[in-house]
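Could you put together the complete structure from these sequences and hints?
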Amino acid sequence: MKKLTILIAALMLSNTALAADAFTSTLRGHLIINPHTYVAPPKDAPYAFNKSGRFTGKGNIRVEKIGTIINKTGVPTPFAGQPLQGFSGIKTLRNDKFLLLTDNGFGSKRNSADAMLMFHIATLDFANDIANIDQTIFVKDPNRIIPFPILTEFSETRYLTGGDFDLESIQPIKDGYMVGEEFGPYLIKLDTNGVVTDFYETIVNGKIYTGRDNPTIDFTKEDASYNVPRSGGYEGMAASPDGTKLYPLLEKPTLEDGRPATINGQRYLNIFEFDVAKGEFTDKVVKYPLEDGATAIGDFNLIDETRGLIIERDNHQGDADLSCEKQPEPCFQKPAKFKRIYLIDMAQTDENGLVKKLGYIDLLNIQDPNGLAKVGKRDDNVFKLPYFTIEDVDIIDDENIIVGNDNNFPFTQGRDLNGPDLNEFILLHVGDFLKQK
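Residue 294 in this note's numbering sits at position 40 of the sequence shown, with consecutive numbering throughout.
Because the hints were derived from the structure by calculation, they are not lab data.
Wrong hints could be hidden among the right ones.
What the hints assert, rightly or not - Pairs of lysine-lysine residues, derived as DSS-like cross-links and limited to a Cα-Cα distance of at most 30 Å, are as follows: (1) 506 <-> 588; (2) 428 <-> 475; (3) 631 <-> 326; (4) 351 <-> 428; (5) 319 <-> 305; (6) 297 <-> 351; (7) 691 <-> 610; (8) 499 <-> 475; (9) 461 <-> 443; (10) 319 <-> 363; (11) 689 <-> 541; (12) 326 <-> 591; (13) 588 <-> 631; (14) 305 <-> 326; (15) 475 <-> 312; (16) 691 <-> 541; (17) 580 <-> 631; (18) 580 <-> 628; (19) 610 <-> 628.
Said to hold, decoys possible - For each label pair, taking beta carbons as the anchor points, the in silico distance ranges come out as: (20) 319 <-> 685: 49 to 55 Å; (21) 512 <-> 538: 23 to 29 Å; (22) 559 <-> 301: 25 to 31 Å; (23) 512 <-> 396: 37 to 43 Å.
No residue lacks a Cβ here, since even glycine has one placed at the ideal position from N, Cα and C.
The structure is reproduced here in structure tokens:
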């Protein structure tokens, strides 16, 4: 019994030693982009794209009349034009400029056939309270690089939609951009005008990674299979400082015999390495351990050659103080419990290849001593980012990071039960956190 007690104590000590420490974050700025922001489609796009959200109703049946499908947030669809939507990826450029990637549309492949895929150059100036979309670039495939049919297959311009791909991460590269995609999962190379120039299937160490919504799967065949779950593709993708390597990160664990992959009972996600010049994946795979209480990651960006920021989250939304256990309706039935940003070092892995977590900050416990929050103010000066999908994080400088949410417009409510989610960007002072090595 004594030996067993010592063994248990040793295991508990080992687990404690491996656990990452929490660090304080302080709100230094808060910007909001109105969710009711719309973008006109390009003049050479099919006329049908002047309207969007036709398939967001029951059964995804087409509805043409604008504003006739009623949603719980009070925002009716279809829309005139293309909504700006929420942002599923961010990259800091310079002089308060940022690269922002709009999510795939209305939440699924089935309802997003008329949602155009796009990304933006934006000004996010916290010092002067400026949040502007400066340029919008729509994604298209006029040169027929995509090897399977797309929804605008027989048009001249061949603009891509949320019915074709789910773009979730973006990085600037030498001659354009690379986006990480979730359905495939694929990497798609674009020029500076958003034109597809190359297309990459995920093949690592001879293994093909195929998602549940991969368009090449024929589910009429008995041997149809996939090893990446639905909504489990490339949610995050970091770039090396010199731009020669990309590190796409799967959102969820891969499937092994139909179950999430684990090591010693702990779920993990794969970080792959892609050689930009060679246009192929290397053999390198780093495993990211997923915490108990978390279901997915939201974004990934490096802060130096090997250290990076990863958002880890649950599937819940809303302030726990406004839960249905504490107040009558309207209230949050399943409030947010796990919304964190971890700092990792890919140069430090254990014997199983699991990457070391150097620390984390809690996005449900942000200090706001100066009352800078524009929404979500509390008497205790604690600011929370209680959104379902927080999908944007990057470093600003040695002391500060930027964090943003994907508002899933017009469907989710993580901040206000009387309307749709906002697009929020926050500037966080996290100097001690970023120093961890």
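Handout entry: Contradicted hints - numbers only
Key = Structure breaks hints 2, 8, 19, 22.
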